[in-house]
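All chains should be built: construct the whole structure from the sequences, respecting the hints.
Protein chains: 2
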Amino acid sequence: MSASKAIEDYLKCIYKLEDPSQTEKGVHTSAIASRLNVAQASVSNMIKKLSDQGFVSYEPYYGVALTTTGRQLALQMIRRHRVIEQYLVERLHYAWDEVDAEAEVLEHAVSDKLVDAMWEALGRPTHDPHGSPIPDQDGIMSEQPVKALVDVAEGEQVKLARIKNRSPEELRYLTSIGLAMGEGLRVKTKAPFNGPIMLEINNELHALDYRIAQALMVERQHD
Amino acid sequence: MSASKAIEDYLKCIYKLEDPSQTEKGVHTSAIASRLNVAQASVSNMIKKLSDQGFVSYEPYYGVALTTTGRQLALQMIRRHRVIEQYLVERLHYAWDEVDAEAEVLEHAVSDKLVDAMWEALGRPTHDPHGSPIPDQDGIMSEQPVKALVDVAEGEQVKLARIKNRSPEELRYLTSIGLAMGEGLRVKTKAPFNGPIMLEINNELHALDYRIAQALMVERQHD
DNA sequence: AAAAGTATTTAGGCTAGACTAATTTTAAAG
DNA sequence: CTTTAAAATTAGTCTAGCCTAAATACTTTT
Ligand SMILES: [Mn+2]
Ligand SMILES: [Mn+2]
Ligand SMILES: [Mn+2]
Ligand SMILES: [Mn+2]
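As given, the protein sequences belong to chains A and B, one line each in that order.
Per this note's numbering, residue 1 is the first one in the first sequence, and the count goes up by one each step.
Per this note's numbering, residue 1 is the first one in the second sequence, and the count goes up by one each step.
Misleading hints may appear alongside valid ones.
No copy is singled out in the list; a pair is fine if it fits within one copy or between any two copies.
[To be verified] Derived lysine to aspartate or glutamate pairs resembling DMTMM-like cross-links, with alpha carbons at most 25 Å apart:
| hint | residue 1 | residue 2 |
| --- | --- | --- |
| 1 | K164 | D19 |
| 2 | K113 | E102 |
| 3 | K25 | E102 |
| 4 | K113 | E170 |
| 5 | K113 | E169 |
| 6 | K25 | D9 |
| 7 | K190 | E204 |
| 8 | K113 | E90 |
| 9 | K190 | D100 |
| 10 | K113 | D100 |
| 11 | K5 | E102 |
| 12 | K5 | D100 |
| 13 | K5 | D112 |
| 14 | K188 | D138 |
| 15 | K190 | D209 |
| 16 | K188 | E156 |
| 17 | K5 | E104 |
| 18 | K113 | D9 |
| 19 | K49 | D151 |
| 20 | K188 | E154 |
Honestly, the hints are just simulated from the structure, not real lab data.
Every value quoted in this text rests on a predicted model; they were computed, and no experiment measured them.
Here you go:
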């Protein structure tokens, strides 16, 4: 009996919520509920099941944490998702704002064999169309040392390395101002109070909202 | 609200059962139950739902027939299934006995956009890896005038045009005796009482079981 | 035309996942 | 150290699909 679509999405969600924080507290059920757009009661229910099946450890009123098994399954799903995204862009002419919705469904339907066939056909890619790393067959994923655009100092020249944003509308907006993976940009000014960030892209000036900038990860431009 | 996986499979199943017979009676619920491996009561239930949603017309104790809407959806699913099969063989090195299981799941997960992208990438193929015709975007499917191998007269030379069989084991067996799509063969003798059929393939003689031969469709060899 | 045999439907249950409303627990504020 | 607010759990429903067992309705045989 393999994991259901629901279980797969919950594990993926928990993985993404526990990753960045590194706080000693577990993932809150409310965070899961809001990310998956389900009621908190539904999460409580599902967490109990995930715990019974050994995918998470759980302390009521405290938080959830993936077990080794759970993390493996989560990484397998992330691999599936990202390989599919990359394949759609590389081989079937999808745009980077179209792949996430398709992958979100397909990830539950493809076999391991198919994922590996796509991965091999692409030449074992290491990153998806948004710059996120693709775990290998053993679930090992290299996290690149990139930093958030909002932390870049004024005047610095960087290039776009990763976009942690799945909204098609926002992705299209970024395209429209000339941003694409690997594209160079310079931070001109940063308004206070988490205000807009002025960017120079292709000799054009653009004001980028702080919330959007938070999802953009950059690395120093190799001269 | 689009059709569920279950509904899609039921419609596809009904389509295939009503196609060959051309009897004036509808499709029997027992036939659906045995083909889908579910209990008859489950079929009764689902038929009621399909009828409510306008996919089939239904006369209790008589039979089921697809409506125009139902047939359209069924043909869309068949298109999806066969495009996926062909894509897996042509682009991802699948063997013809491996594609059906994968397609049976994927057909419920792919978008129309993806199916069309695969179809275009392949150059708008007209047939799947087993020789079955692929409906076009409007659901129009050309039925080729082939005949069953069991109806071929002794001595006749024909070529394999289609295999109505999804069992990986039997498909591999056919491969092992030298049969592939388009492969030429000659019927040497046909044993009585639906007995084995002796075939000459590549100058080798093979005895083929009648039940397997029923699924093989052939056309006259173009000299 | 009645009896026996099939085919089909009905009745009643089960599991997975979701929801709302009500309650309980923990955290934050005064 | 209370009071209040927020977070999480429990209780009770719902829908989709499936199941088994029992009751009907056709069909065939005698
Ligand atoms: Mn998903
Ligand atoms: Mn992505
Ligand atoms: Mn299917
Ligand atoms: Mn096929």
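Here is how each hint holds up against the structure:
{"no.": "1", "hint": "K164 / D19", "result": "within (13 Å within a copy, 49 Å between copies)"}
{"no.": "2", "hint": "K113 / E102", "result": "both (19 Å within a copy, 10 Å between copies)"}
{"no.": "3", "hint": "K25 / E102", "result": "neither (33 Å within a copy, 41 Å between copies)"}
{"no.": "4", "hint": "K113 / E170", "result": "between (33 Å within a copy, 21 Å between copies)"}
{"no.": "5", "hint": "K113 / E169", "result": "between (33 Å within a copy, 18 Å between copies)"}
{"no.": "6", "hint": "K25 / D9", "result": "within (21 Å within a copy, 45 Å between copies)"}
{"no.": "7", "hint": "K190 / E204", "result": "within (16 Å within a copy, 79 Å between copies)"}
{"no.": "8", "hint": "K113 / E90", "result": "both (19 Å within a copy, 15 Å between copies)"}
{"no.": "9", "hint": "K190 / D100", "result": "neither (30 Å within a copy, 56 Å between copies)"}
{"no.": "10", "hint": "K113 / D100", "result": "both (21 Å within a copy, 14 Å between copies)"}
{"no.": "11", "hint": "K5 / E102", "result": "both (14 Å within a copy, 16 Å between copies)"}
{"no.": "12", "hint": "K5 / D100", "result": "both (16 Å within a copy, 21 Å between copies)"}
{"no.": "13", "hint": "K5 / D112", "result": "both (15 Å within a copy, 21 Å between copies)"}
{"no.": "14", "hint": "K188 / D138", "result": "neither (42 Å within a copy, 53 Å between copies)"}
{"no.": "15", "hint": "K190 / D209", "result": "within (10 Å within a copy, 78 Å between copies)"}
{"no.": "16", "hint": "K188 / E156", "result": "within (8 Å within a copy, 81 Å between copies)"}
{"no.": "17", "hint": "K5 / E104", "result": "both (10 Å within a copy, 16 Å between copies)"}
{"no.": "18", "hint": "K113 / D9", "result": "both (20 Å within a copy, 23 Å between copies)"}
{"no.": "19", "hint": "K49 / D151", "result": "neither (40 Å within a copy, 56 Å between copies)"}
{"no.": "20", "hint": "K188 / E154", "result": "within (5 Å within a copy, 84 Å between copies)"}
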